[in-house]
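Chemist: For the sequence shown, the residue numbers in my numbering are 1 to 99.
Source of the hints: derived by calculation from the structure; they are not laboratory data. From the three backbone atoms N, C-alpha and C, an ideal C-beta is built for every residue, glycine too. There may be inaccurate statements among the hints.
Claimed, not checked - Quick list of simulated restraints, FRET-style, between CB atoms:
| no. | residue 1 | residue 2 | range |
| --- | --- | --- | --- |
| 1 | A5 | I27 | 30 to 36 angstroms |
| 2 | P15 | Q86 | 24 to 30 angstroms |
| 3 | H74 | D32 | 21 to 27 angstroms |
| 4 | A81 | K16 | 25 to 31 angstroms |
Stated by the list, open to error - Straight-line C-alpha distance at most 25 angstroms; calculated SDA-like pairs for lysine to any residue:
| no. | residue 1 | residue 2 |
| --- | --- | --- |
| 5 | K16 | E59 |
| 6 | K16 | L47 |
| 7 | K16 | D45 |
| 8 | K16 | L56 |
| 9 | K16 | I27 |
| 10 | K16 | D84 |
| 11 | K16 | L43 |
| 12 | K16 | D48 |
| 13 | K16 | F69 |
| 14 | K16 | V1 |
| 15 | K16 | S2 |
| 16 | K16 | A29 |
| 17 | K16 | L4 |
| 18 | K16 | A61 |
| 19 | K16 | Y73 |
| 20 | K16 | F37 |
| 21 | K16 | G62 |
| 22 | K16 | E6 |
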Amino acid sequence: VSRLAEDAWIIRNRPKILVTIENAGAILALVDEHGSFLGYLLLLDYLDYSSRVSLLTREFAGLGRTSAFVSLYHVNEETPAWQDRQSTSQFTSPRVTIL
1 VSRLAEDAWI
11 IRNRPKILVT
21 IENAGAILAL
31 VDEHGSFLGY
41 LLLLDYLDYS
51 SRVSLLTREF
61 AGLGRTSAFV
71 SLYHVNEETP
81 AWQDRQSTSQ
91 FTSPRVTIL
């Protein structure tokens with residue numbers, strides 16, 4: 001951590017470095033359990049958008065609702081329109097059809 005805090009190539013904020021290390025461990029644990037991070041995300045498809053974001057913000061340290069939205073968007077998970085992201089609670093992924 002001390003070496004990273006001195007590295008000019010990264011953000012040298014000790015709390016952010018510690019959170020990044022913690023979250024890397026959480027990702028590795030999910031990969032061990034589900035085979036991949038995508039495998040984990042696929043298990044969340046039955047949840048509406050708001051529930052998925054709530055789960056992710058509890059699972060990962062320092063991850064807020066906006067960062068969760070951006071993270072889901074960048075891995076091609078279904079997300080509501082940017083302006084609707086805070087008010088949407090019933091938005092669900094179209095990959096799963098619940099009969």
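Chemist: Now tell me, hint by hint, if it's right for this structure.
Modeler: Comparing the hints with the structure gives:
no.: 1; hint: A5 - I27: 30 to 36 angstroms; result: violated, 22 angstroms
no.: 2; hint: P15 - Q86: 24 to 30 angstroms; result: holds, 26 angstroms
no.: 3; hint: H74 - D32: 21 to 27 angstroms; result: holds, 23 angstroms
no.: 4; hint: A81 - K16: 25 to 31 angstroms; result: holds, 29 angstroms
no.: 5; hint: K16 - E59; result: holds, 16 angstroms
no.: 6; hint: K16 - L47; result: violated, 29 angstroms
no.: 7; hint: K16 - D45; result: violated, 29 angstroms
no.: 8; hint: K16 - L56; result: holds, 17 angstroms
no.: 9; hint: K16 - I27; result: holds, 16 angstroms
no.: 10; hint: K16 - D84; result: violated, 28 angstroms
no.: 11; hint: K16 - L43; result: violated, 28 angstroms
no.: 12; hint: K16 - D48; result: violated, 29 angstroms
no.: 13; hint: K16 - F69; result: holds, 19 angstroms
no.: 14; hint: K16 - V1; result: holds, 10 angstroms
no.: 15; hint: K16 - S2; result: holds, 13 angstroms
no.: 16; hint: K16 - A29; result: holds, 20 angstroms
no.: 17; hint: K16 - L4; result: holds, 11 angstroms
no.: 18; hint: K16 - A61; result: holds, 10 angstroms
no.: 19; hint: K16 - Y73; result: holds, 22 angstroms
no.: 20; hint: K16 - F37; result: holds, 21 angstroms
no.: 21; hint: K16 - G62; result: holds, 8 angstroms
no.: 22; hint: K16 - E6; result: holds, 13 angstroms
In summary, the structure is inconsistent with hints 1, 6, 7, 10, 11, 12 from the numbered list given earlier, while agreeing with the others.
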